[in-house]
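S.K.: Chain order of the listed sequences is A and B.
The first sequence begins at 38 in the working numbering and counts up one residue at a time.
The second sequence begins at 38 in the working numbering and counts up one residue at a time.
Hints are computed from structural coordinates only; laboratory data are not their basis.
It should be emphasised that the depicted structure is a prediction, and the values quoted were computed from it without experimental measurement.
Treat the hints with caution; some may be incorrect.
Below, computed lysine to any residue pairings styled on SDA-like, alpha-carbon distance capped at 20 Å [what the hints assert, rightly or not]:
id: 1; chain 1: A; residue 1: 459; chain 2: B; residue 2: 409
id: 2; chain 1: B; residue 1: 460; chain 2: A; residue 2: 483
id: 3; chain 1: B; residue 1: 226; chain 2: A; residue 2: 377
id: 4; chain 1: A; residue 1: 468; chain 2: B; residue 2: 41
id: 5; chain 1: B; residue 1: 390; chain 2: A; residue 2: 477
id: 6; chain 1: A; residue 1: 483; chain 2: B; residue 2: 45
id: 7; chain 1: B; residue 1: 141; chain 2: A; residue 2: 111
id: 8; chain 1: A; residue 1: 140; chain 2: B; residue 2: 167
id: 9; chain 1: A; residue 1: 483; chain 2: B; residue 2: 398
id: 10; chain 1: A; residue 1: 140; chain 2: B; residue 2: 165
id: 11; chain 1: B; residue 1: 281; chain 2: B; residue 2: 60
id: 12; chain 1: A; residue 1: 468; chain 2: B; residue 2: 394
id: 13; chain 1: A; residue 1: 140; chain 2: B; residue 2: 164
id: 14; chain 1: A; residue 1: 141; chain 2: B; residue 2: 163
id: 15; chain 1: B; residue 1: 141; chain 2: A; residue 2: 159
2 protein chains.
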Amino acid sequence: MSVKLNDCYLKPFISSSEYEAIAGEIQSALVTTREKSGAGNDFLGWLDLPENFDKKELFDIEEAAKDIRSMCDVLLVIGIGGSYLGARAAVEFVHGPRYNNLKKDTPDIYFVGNDISPSTVSELLSIVEDRQVCLNVISKSGTTTEPAIAFRIFREYMENKYGEEEAAKRIFVTTDRARGKLKELSDAKGYRTFVVPDDIGGRFSVLTPVGLLPIAVSGADVRAMLQGAADARNAFLFEENIEKNDCLKYAAIRNILLRSGKSIEILAGYEPAFAMTCEWWKQLYGESEGKGGNGLYPASVCFTTDLHSLGQFIQDGTALMFETVLDLKTPKAKTVIPYDPANTDGLNYIAGKSMHEVNRVAMQATALAHVDGGVPNLVIELADRSSYSFGYMVYFFELACAVSGYTIGVNPFDQPGVEAYKKNMFALLGKQGSEFDAIRAAIGEKISK
Amino acid sequence: MSVKLNDCYLKPFISSSEYEAIAGEIQSALVTTREKSGAGNDFLGWLDLPENFDKKELFDIEEAAKDIRSMCDVLLVIGIGGSYLGARAAVEFVHGPRYNNLKKDTPDIYFVGNDISPSTVSELLSIVEDRQVCLNVISKSGTTTEPAIAFRIFREYMENKYGEEEAAKRIFVTTDRARGKLKELSDAKGYRTFVVPDDIGGRFSVLTPVGLLPIAVSGADVRAMLQGAADARNAFLFEENIEKNDCLKYAAIRNILLRSGKSIEILAGYEPAFAMTCEWWKQLYGESEGKGGNGLYPASVCFTTDLHSLGQFIQDGTALMFETVLDLKTPKAKTVIPYDPANTDGLNYIAGKSMHEVNRVAMQATALAHVDGGVPNLVIELADRSSYSFGYMVYFFELACAVSGYTIGVNPFDQPGVEAYKKNMFALLGKQGSEFDAIRAAIGEKISK
Numbered sequence: 038m039s040v041k042l043n044d045c046y047l048k049p050f051i052s053s054s055e056y057e058a059i060a061g062e063i064q065s066a067l068v069t070t071r072e073k074s075g076a077g078n079d080f081l082g083w084l085d086l087p088e089n090f091d092k093k094e095l096f097d098i099e100e101a102a103k104d105i106r107s108m109c110d111v112l113l114v115i116g117i118g119g120s121y122l123g124a125r126a127a128v129e130f131v132h133g134p135r136y137n138n139l140k141k142d143t144p145d146i147y148f149v150g151n152d153i154s155p156s157t158v159s160e161l162l163s164i165v166e167d168r169q170v171c172l173n174v175i176s177k178s179g180t181t182t183e184p185a186i187a188f189r190i191f192r193e194y195m196e197n198k199y200g201e202e203e204a205a206k207r208i209f210v211t212t213d214r215a216r217g218k219l220k221e222l223s224d225a226k227g228y229r230t231f232v233v234p235d236d237i238g239g240r241f242s243v244l245t246p247v248g249l250l251p252i253a254v255s256g257a258d259v260r261a262m263l264q265g266a267a268d269a270r271n272a273f274l275f276e277e278n279i280e281k282n283d284c285l286k287y288a289a290i291r292n293i294l295l296r297s298g299k300s301i302e303i304l305a306g307y308e309p310a311f312a313m314t315c316e317w318w319k320q321l322y323g324e325s326e327g328k329g330g331n332g333l334y335p336a337s338v339c340f341t342t343d344l345h346s347l348g349q350f351i352q353d354g355t356a357l358m359f360e361t362v363l364d365l366k367t368p369k370a371k372t373v374i375p376y377d378p379a380n381t382d383g384l385n386y387i388a389g390k391s392m393h394e395v396n397r398v399a400m401q402a403t404a405l406a407h408v409d410g411g412v413p414n415l416v417i418e419l420a421d422r423s424s425y426s427f428g429y430m431v432y433f434f435e436l437a438c439a440v441s442g443y444t445i446g447v448n449p450f451d452q453p454g455v456e457a458y459k460k461n462m463f464a465l466l467g468k469q470g471s472e473f474d475a476i477r478a479a480i481g482e483k484i485s486k
Numbered sequence: 038m039s040v041k042l043n044d045c046y047l048k049p050f051i052s053s054s055e056y057e058a059i060a061g062e063i064q065s066a067l068v069t070t071r072e073k074s075g076a077g078n079d080f081l082g083w084l085d086l087p088e089n090f091d092k093k094e095l096f097d098i099e100e101a102a103k104d105i106r107s108m109c110d111v112l113l114v115i116g117i118g119g120s121y122l123g124a125r126a127a128v129e130f131v132h133g134p135r136y137n138n139l140k141k142d143t144p145d146i147y148f149v150g151n152d153i154s155p156s157t158v159s160e161l162l163s164i165v166e167d168r169q170v171c172l173n174v175i176s177k178s179g180t181t182t183e184p185a186i187a188f189r190i191f192r193e194y195m196e197n198k199y200g201e202e203e204a205a206k207r208i209f210v211t212t213d214r215a216r217g218k219l220k221e222l223s224d225a226k227g228y229r230t231f232v233v234p235d236d237i238g239g240r241f242s243v244l245t246p247v248g249l250l251p252i253a254v255s256g257a258d259v260r261a262m263l264q265g266a267a268d269a270r271n272a273f274l275f276e277e278n279i280e281k282n283d284c285l286k287y288a289a290i291r292n293i294l295l296r297s298g299k300s301i302e303i304l305a306g307y308e309p310a311f312a313m314t315c316e317w318w319k320q321l322y323g324e325s326e327g328k329g330g331n332g333l334y335p336a337s338v339c340f341t342t343d344l345h346s347l348g349q350f351i352q353d354g355t356a357l358m359f360e361t362v363l364d365l366k367t368p369k370a371k372t373v374i375p376y377d378p379a380n381t382d383g384l385n386y387i388a389g390k391s392m393h394e395v396n397r398v399a400m401q402a403t404a405l406a407h408v409d410g411g412v413p414n415l416v417i418e419l420a421d422r423s424s425y426s427f428g429y430m431v432y433f434f435e436l437a438c439a440v441s442g443y444t445i446g447v448n449p450f451d452q453p454g455v456e457a458y459k460k461n462m463f464a465l466l467g468k469q470g471s472e473f474d475a476i477r478a479a480i481g482e483k484i485s486k
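Throw the hints in and build the complete structure from the sequences for me.
M.R.: In structure tokens:
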């Protein structure tokens, strides 16, 4: 088991009768998910993905990753939202947040096309100068504004640098199987393409080619990742007793605390390698549950760093939150605190201990302190930072999210609220179409008031 | 004026009578701050710092920065909380988040000692191998756990690499003026030292030597930064009419929205260069106001990136928040969206526009959409990403924080809640002392239950 829930700090906050009261709802949400009988059931492809993954496609991903590694020093990954966060989370989970600065025999990986900052583009143009480059552009339609702008700029860059023919060998496209502007362009240019499945939404897509191609380029083991997800599926998809299924228990705890008045769930990691996993989790839960005036606001912290910034608020500020703590069991490094005969800093009482041991004591100490401050804490134990554990954790959080979302009473697989700003933006940028004319007129009236 | 508040999106949420009702409180909080007559008034050194900055110390900082630049390829900055966030925020504000990966004639700067991750230390040991290194360790006492561990390890590294004498020339210490273990060690070893002032708390210390030495090493203009703060002081410290003082107005808006039931303030930037400024701001406001069961939970987002993750929740989830948007007027780069005759991505309607222009339209579109979703938005206009504007903004946020905290009714300058986890940690790590014996016993009882 790469993921286990530890509820030892929750006892003062949730009674066994509360678990019993919600168990039926949780169980039925699991059944609804598994039997694909609920809202949004067109988007449940991730559920059986780890079992069904197309062997040919997996082979092609590994081959493309090998080719990319041999061709370039820098891979630029163009994508936003679910076409960005999952891959970056995986690369940093496995290799650490300083991946690009470490000595290694795999390319640097920069993520671009996830904002509209001119500085991002100009900095990356300067970083790739004099280096060998490949692109992986990830977009189902090919027309999402941020990645489309970046792809326009970097495609031009690649064609100027390499010529059209060589550039085509260095551009890898993850897009719709058959339709869309990007698929058409890829076929015309001869880009190698990979498929964004129709039945998996962006935030559930990290274990599809969307995430797996850049992850494979980084040298992480994508087969092990899928195996982890497959094993999590076996562990959590069929067991209906919440006392025997940590995935259901996590969904239950979130709903019990939401109903008891908590507004914010803070995901806390004690390793910088988890920072982007927290960002991925924030999209997964925020976009799945934050609708119809409902949901827990998903926040995150990097401890112990943020104990020296947000620690005061969590301990003693407005009682809004509970914390879900990622507890890494086996660290990647075994740094030991040296002994200093002079002991000027007074640290000799922990000399000889590993930093990991001290880090885990800090975690325990913090949970105890925050619980004393009235903040419920639950712990999610992660075995290690392997590719296998990442895949296992992804499936754990995705399934728990579906179950939790159905329990809240929302469709966990749509995101109707993200269209509002886009429509305004298209209107204000002068895009043609009667829909945008009407919005432009409405905004004009609002602003003139 | 490098910072201006724009309240055009707030009209549906705050009436002029609400401003009038709170104006007296805000005004008196300003007077309390300026006259140093309130709680925590021993920690108001930052108030007049931009005027009083010791010319000799400023000169010494610039000389040390010059020496560091000539001696090394990598500066390791060891510090946590206020001894970390301000400097990193400034470096990224001015140079961007990819500073270490850009071509430049200043050293890479890595921040360490702000967590207890063994991976952070081992990755940095590998990064500095074969490179020339300097250290800047920042700690008032020298005994804070995280930086003390890192300094123990990297001091040993430096002495092994360079020998004790040469290492001493490469280690720069920012600590108490006269007392403390780190000051004693520095005097014994001959390290160059800089002063952490007695009357300025960590989160208000970025414009002291705490922040200014690493900032100067990065090539940012620390004199201009202090001038920006001095000009902000003149603009905001004396004007008592909230309609003429944006700093007071910001404090007023936060308190009005808090009292009307908002729980979360989200600081939103549209440039990745602002991500660490948001982290600095979170410490400033969270630690200053989050006490006694009070305060707005400070969160942050990087747009448009996070419109594709948290956008759904903000638009349509639980109505917890308001947004404060950083609006950059003059970008650092002028990237233009190219024209593509084939127009496969449908972007030709914005071809020829600068990305900055599109980015700012996205900002406006988002504010309009979120306001429609019931989320109050206020805009803080920043002139540019200069050192001067950073200093100006720092003073703006610090003064607004003091005024806002007094208006909430807390002491904005203490942080009693951060001790709880530390005491537990010392107890669990076996530190000697009767205080820790008692805590150990109490924890033992709790756990055995």
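S.K.: For the pair we were handed, residue 468 (chain A) and residue 41 (chain B), check the Cα-Cα distance against 20 Å.
M.R.: With Cα atoms ~31 Å apart, residue 468 (chain A) and residue 41 (chain B) exceed 20 Å; violated.
S.K.: For residue 140 (chain A) and residue 164 (chain B), compute the direct alpha-carbon distance and say whether it is at most 20 Å.
M.R.: Given that 20 Å is the threshold and the Cα spacing comes to 7 Å, the pair holds.
S.K.: Quickly compare the C-alpha distance for residue 468 (chain A) and residue 394 (chain B) to 20 Å and report which way the hint goes.
M.R.: At roughly 15 Å apart (the allowed maximum being 20 Å), residue 394 (chain B) and residue 468 (chain A) satisfy the hint.
S.K.: Next pair to validate is residue 226 (chain B) with residue 377 (chain A); report whether the Cα-Cα distance is within 20 Å.
M.R.: holds (15 Å)
S.K.: Holds or violated: are the alpha carbons of residue 141 (chain B) and residue 111 (chain A) at most 20 Å from each other?
M.R.: holds (19 Å)
S.K.: Is the straight-line distance between the alpha-carbon of residue 140 (chain A) and that of residue 167 (chain B) 20 Å or less?
M.R.: holds (12 Å)
S.K.: Checking one constraint from the list: CA of residue 140 (chain A) to CA of residue 165 (chain B), max 20 Å. Satisfied?
M.R.: Since the Cα atoms of residue 140 (chain A) and residue 165 (chain B) sit roughly 11 Å apart, the hinted pair holds (cutoff 20 Å).
S.K.: Decide if the proposed pair is consistent with the structure: residue 281 (chain B) and residue 60 (chain B), CA atoms, cutoff 20 Å inclusive.
M.R.: holds (12 Å)
S.K.: Hinted pair, alpha-carbon criterion (20 Å max): residue 459 (chain A), residue 409 (chain B). Please report holds or violated.
M.R.: This hinted pair holds, its Cα atoms lying about 13 Å apart.
S.K.: Please work out if residue 460 (chain B) and residue 483 (chain A) have their alpha carbons no farther apart than 20 Å.
M.R.: The given pair, whose Cα atoms are some 55 Å apart, is violated under the 20 Å limit.
S.K.: Under the criterion that the straight-line Cα-Cα distance not exceed 20 Å, is the pair residue 141 (chain B), residue 159 (chain A) satisfied?
M.R.: holds (15 Å)
S.K.: Is the hinted pair residue 141 (chain A) and residue 163 (chain B) satisfied, with a Cα-Cα distance of at most 20 Å?
M.R.: holds (11 Å)
Of the numbered hints stated above, those contradicted by the structure are hints 2 and 4, listed in ascending order.
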